[in-house]
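Letter by letter, the chains look like this.
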Amino acid sequence: MSESGWRRLTRASVFALRRALISLATVLVALMLASFLLVHLVPGDPAVRVAGLDATPQDIANVRHALGLDRPLVVQFARYVGNVARLDFGKSFVTNEPVVRVIADRLPKTLELAATAMLAVMMLSVPLGMTVAAITRDDRNRGFELVFTAITATMSALPNFLSATFLAFAFAVWLRWLPAGGGERWDAVILPAAAIGLRPMADLARIVRVETLGALAQDYALTARGKRLPWRLIYLRHILPNVLTGALTIGGLLFAGLIGGTVVVENVFAWPGLGTALVQAILARDYPVVQGITLLLGLAVITVNTTVDTVLVLVDPRSLPR
Amino acid sequence: MTAASASTWRQTLRAFLRAPSGIPAGLALAVLLTLAIVAPLLWGAAANKTNIMHSGEAPSPAHLLGTDRLGRDLLTRTLTATRLSLALALAATAIAGVLGVPLGITTALAAPRLRAAGLRLIDVLLGFPGILLAIFITAMVGASAQGAVFAIGIAFTPEFARLASTLALSVGGRDYVAAARVLGVGPAALLRRHVLPNIAETLTIAVFSTTASALIAISSLSFLGLGVQPPQFDWGRMLVEGVESFYATPVAALAPATMIAGTGLALGFFGEALARATNPLLWSPLESARTRFGIDAPSVTTPADAPEGGPALLRVSGLTVSFPSPRGRIIAVDNVNFSLRPAEIVGIVGESGSGKTQTALAIARLVAHPGCVEARQLTLEGRDIAAARTVALDRFLGRRLALVYQDPMASLNPALTIGTQVAEPAIVHQRMKRSAALRTAAVRMGEVNIPQPDARLGQFPHEFSGGMQQRAMIAMGLMNEPTLIVADEPTTALDVTIQAQVIDVLKSINAQHGTAILLISHNIGVIAEICSRVLVMYAGRIVEDVPLASLLHRPAHPYTQALIDAVPDLGSDRARPLRTIEGRAPDLAAMPAGCAFAARCSQAADRCHQQRPSLQSIGPRHRAACWLATP
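Line order of the protein sequences matches chains A and B. Taking our numbering, the leading residue of the first sequence gets 1, the next gets one more, and so forth. Taking our numbering, the leading residue of the second sequence gets 1, the next gets one more, and so forth.
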């Protein structure tokens with residue numbers, strides 16, 4: 001690439017980075033506020049919960065003072081932000097374990113599951129969508145198109161806790177090929193990852209197909225064909241970058257959705273990650289743990305969304321204001 | 001209801017019934033609604049009757065789906081749960097709609113700064129997965145059926161808000177709303193009379209898809225233990241109980257799972273069918289019958305002209321391009337014959353739809369599916385280029401034939417640098433190294449008068465002006481030193497001053513490299529600027545093949561004459577309207593028996609309407625298809 005090309009790219013990344021940081025900061029403050037208010041909006045007195053049912057009023061007052069609950073809300077929020085910055089999310093009401101240790105225990109398993117699902121979605125849906133587009137271009141093979149549309153529509157209408165149930169039935173109960181729960185065996189990740197990934201994969205494959213058909217109808221595709229390029233160059237060099245721009249825009253939402261899917265599916269397969277911990281904590285009204293995990297998951301969603309926004313600017317030079 | 005709206009309504013209904021998913025989805029919804037009403041009345045008692053003696057039984061005549069852990073009949077339980085499952089989903093949707101729609105419309109109608117902030121907020125909220133928001137809210141309000149409905153309602157509010165704001169913004173921008181505003185209609189009246197009626201339809205459709213999502217989301221919450229609590233039961237609650245004994249009695253989990261999936265699909269498909277029915281743009285091409293026709297050989301044969309002065313570079317004989325259509329075979333190019341000598345510049349002129357672009361595409365073998373190309377002879381440098389596609393033929397065409405298209409902005413790939421695109425033909429077909437190809441590309445770009453070509457290699461097409469883009473396209477075509485450039489309306493999308501520059505570039509290439517050019521244009525002025533010979537096309541046929549001098553002074557075909565007369569020049573009397581050609585070109589699917597131009601020709605005789613004239617030689621290198629020119 002020539003020098004001016006590099007300069008443009010640097011300008012693009014600086015711009016993208018700045019935009020990302022501004023929106024990240026705004027949303028982060030909102031997220032902190034929401035997770036802070038969680039404890040205060042909950043009906044009942046958190047001090048009573050911590051002190052226990054048979055606590056005397058004096059005990060409760062002590063706990064309230066120890067937790068800082070008797071200070072003004074603004075002061076409490078400032079302290080909360082300070083604590084979070086030092087990775088201090090408080091202690092579990094139930095086990096008295098520091099929340100940060102609960103997260104440290106659970107996070108790697110959740111990351112393993114989400115990363116496996118995300119990787120599988122990316123690696124499968126883009127080639128699948130492009131291949132189907134190539135087969136059905138210019139209205140060729142309409143029967144094949146109908147089958148593809150029907151299958152992907154069904155897959156994307158199926159919520160992930162249901163696909164989890166069906167998958168567990170087929171592969172764990174009926175065929176007995178894979179374990180239905182737990183996180184010990186190496187192949188235990190396959191079924192939950194499939195349950196999470198099936199729906200975004202179907203959606204993304206459909207989007208990629210439509211985007212590919214759109215790109216094939218553009219004049220630059222005719223130019224590429226007119227240059228008599230081999231088909232792999234036409235699809236990989238000329239079509240793919242234009243497809244990714246559109247696919248990433250919509251795909252970004254799917255990736256954020258993947259995080260929601262993890263929380264639900266973990267519970268089906270008793271996967272020892274953040275999702276199971278979150279649900280258990282909600283049921284036990286263990287607010288510090290709920291607060292810590294929701295903050296982390298929210299952060300993950302924001303990070304994914306911002307990354308997608310940033311990558312978009314880098315991939316598509318046109319979205320950079322001149 | 002007025003007659004007009006009644007007929008639109010009937011049309012919509014018909015479209016709905018034609019949609020493949022509409023009827024089954026509608027029937028399924030009707031059954032589900034009936035179940036929701038009657039099932040708890042009929043089977044409510046049976047569904048709750050525990051019998052530990054018959055715990056976890058397999059399906060039997062007494063219990064068609066078997067029993068659960070407490071010995072309750074699974075079939076009646078599943079059916080009875082329909083009411084609660086649907087009711088919760090509808091309640092959550094209602095909350096989302098009641099909160100979201102006013103929020104969205106208010107945002108859309110707010111002052112610009114407030115509107116921007118509001119839309120951004122809605123976007124951020126939408127970025128969060130609904131189920132995460134819902135879980136967060138349940139953490140506050142506690143795990144219960146009411147809590148789940150509230151949580152899902154809030155979590156889905158941004159979706160309705162977004163939809164409503166988008167719709168309201170698009171309606172607000174329309175002329176009649178602007179007119180109403182100018183007439184002093186207040187905001188409330190504006191909303192009630194102009195905005196709401198126009199977005200109601202889309203919102204109704206959204207209700208179906210949102211209800212499907214809400215059903216699934218509430219089932220998810222119940223499934224996680226955060227929604228419906230025992231002894232109440234919806235499908236999600238049944239599912240979690242079923243999963244506990246999954247290995248022993250899988251049907252206990254599969255039955256409610258199937259109900260959730262089925263109901264979700266029915267709601268989703270019903271909404272989609274409704275959307276299709278109300279939006280004519282989505283009526284699928286399935287409805288227009290696709291008929292295929294056998295392609296018969298061209299019936300009329302005329303001799304290909306024998307070019308003087310050596311062998312032809314390009315020889316086209318009996319070229320026919322046709323497309324199947326519901327009304328029959330459309331013949332876009334009808335038995336076209338011509339040839340090009342090396343270094344010759346020939347123009348093809350005609351109105352849009354005359355088949356000139358399809359002729360160019362057919363020569364380049366780029367006619368789009370399902371178009372059908374036939375030719376008795378199609379050769380470049382004596383080589384058959386209509387033969388089956390092979391790697392060798394691709395390489396030959398890639399090196400010998402270059403193409404320049406109408407819209408340079410669209411013809412360049414927006415995601416690749418100019419350098420990559422211009423250098424590519426040499427890398428692919430000459431196996432040149434990338435660095436060497438880029439150096440050559442800079443030389444070629446200099447040849448077509450692109451200033452500072454080295455610096456511009458790394459730029460993207462959107463950084464080039466239209467004229468520069470077209471030059472880059474031409475430079476790309478020159479990379480393999482072709483013998484023929486086919487340029488399809490290369491100047492049409494450009495400013496007049498730029499047009500002349502591009503024409504000059506083509507001229508100098510022809511002079512320097514001896515590259516033959518086939519220039520396609522509707523603009524006879526551009527053609528006259530550069531071509532030595534002109535093919536005039538009308539309704540897919542060549543009607544005249546004439547040297548430039550004769551074209552301007554002695555055109556033989558009345559259509560050619562009319563084309564020339566329609567060009568304004570500095571001598572045109574500006575007080576008089578421009579000359580146009582009366583009437584319209586014939587329907588390509590139903591061509592008249594005689595001359596295609598006869599209906600619009602002022603000199604047409606009876607014979608012109610009955611018998612089709614063939615392209616005949618009428619002078620030196622001059623051919624015409626007209627009874628008046630060839631008695």
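Accuracy of the hints is not assured; some may be wrong.
[Said to hold, decoys possible] Restraint-style ranges between C-beta atoms, simulated for each label pair:
hint : chain 1 : residue 1 : chain 2 : residue 2 : range
1    : A       : GLU145    : B       : ALA549    : 53 to 59 Å
2    : B       : GLY446    : A       : THR149    : 28 to 34 Å
3    : A       : TRP231    : B       : GLN616    : 54 to 60 Å
4    : A       : LEU119    : B       : SER435    : 51 to 57 Å
5    : B       : LEU27     : A       : LEU41     : 57 to 63 Å
6    : A       : TRP231    : B       : PRO230    : 56 to 62 Å
7    : A       : THR95     : B       : ALA111    : 27 to 33 Å
8    : A       : PHE15     : B       : ALA110    : 40 to 46 Å
9    : B       : ALA87     : A       : LEU107    : 49 to 55 Å
10   : B       : GLU244    : A       : PHE15     : 32 to 38 Å
11   : B       : GLU244    : A       : GLU145    : 54 to 60 Å
12   : B       : GLY328    : A       : ARG142    : 46 to 52 Å
Hints listed in this document are in silico derivations from the structure and should not be mistaken for laboratory results. Glycine is no exception: its CB is placed at the ideal position from the N, C-alpha and C atoms.
Hint-by-hint comparison with the structure:
1. For A:GLU145 and B:ALA549, the hinted distance range of 53 to 59 Å is satisfied, since their beta carbons lie about 54 Å from each other.
2. At roughly 50 Å, the beta carbons of B:GLY446 and A:THR149 sit outside the given window of 28 to 34 Å.
3. Between A:TRP231 and B:GLN616 the beta carbon distance is about 44 Å. The supplied range of 54 to 60 Å is therefore violated.
4. Under the hint 51 to 57 Å, the C-beta atoms of A:LEU119 and B:SER435, about 35 Å apart, miss the expected range.
5. A beta carbon spacing of about 44 Å between B:LEU27 and A:LEU41 contradicts the range 57 to 63 Å that was offered as a hint.
6. Between A:TRP231 and B:PRO230 the Cβ separation comes to about 59 Å, which falls inside the hinted range of 56 to 62 Å.
7. One distance hint, 27 to 33 Å for the beta-carbon pair A:THR95 and B:ALA111, is violated here, with the actual separation near 51 Å.
8. Evaluation of the 40 to 46 Å hint for A:PHE15 and B:ALA110 yields a failure: the beta carbon distance comes to about 29 Å.
9. In this structure the supplied range 49 to 55 Å is violated for B:ALA87 paired with A:LEU107, their Cβ-Cβ distance being about 38 Å.
10. A beta carbon spacing of about 53 Å between B:GLU244 and A:PHE15 contradicts the range 32 to 38 Å that was offered as a hint.
11. Taking the beta carbon of each, B:GLU244 and A:GLU145 are about 42 Å apart, not inside 54 to 60 Å as hinted.
12. Taking 46 to 52 Å as the suggested C-beta distance range, the pair B:GLY328 and A:ARG142 does not conform, at roughly 20 Å.
Violated hints for the displayed structure, listed by number in ascending order: 2, 3, 4, 5, 7, 8, 9, 10, 11 and 12.
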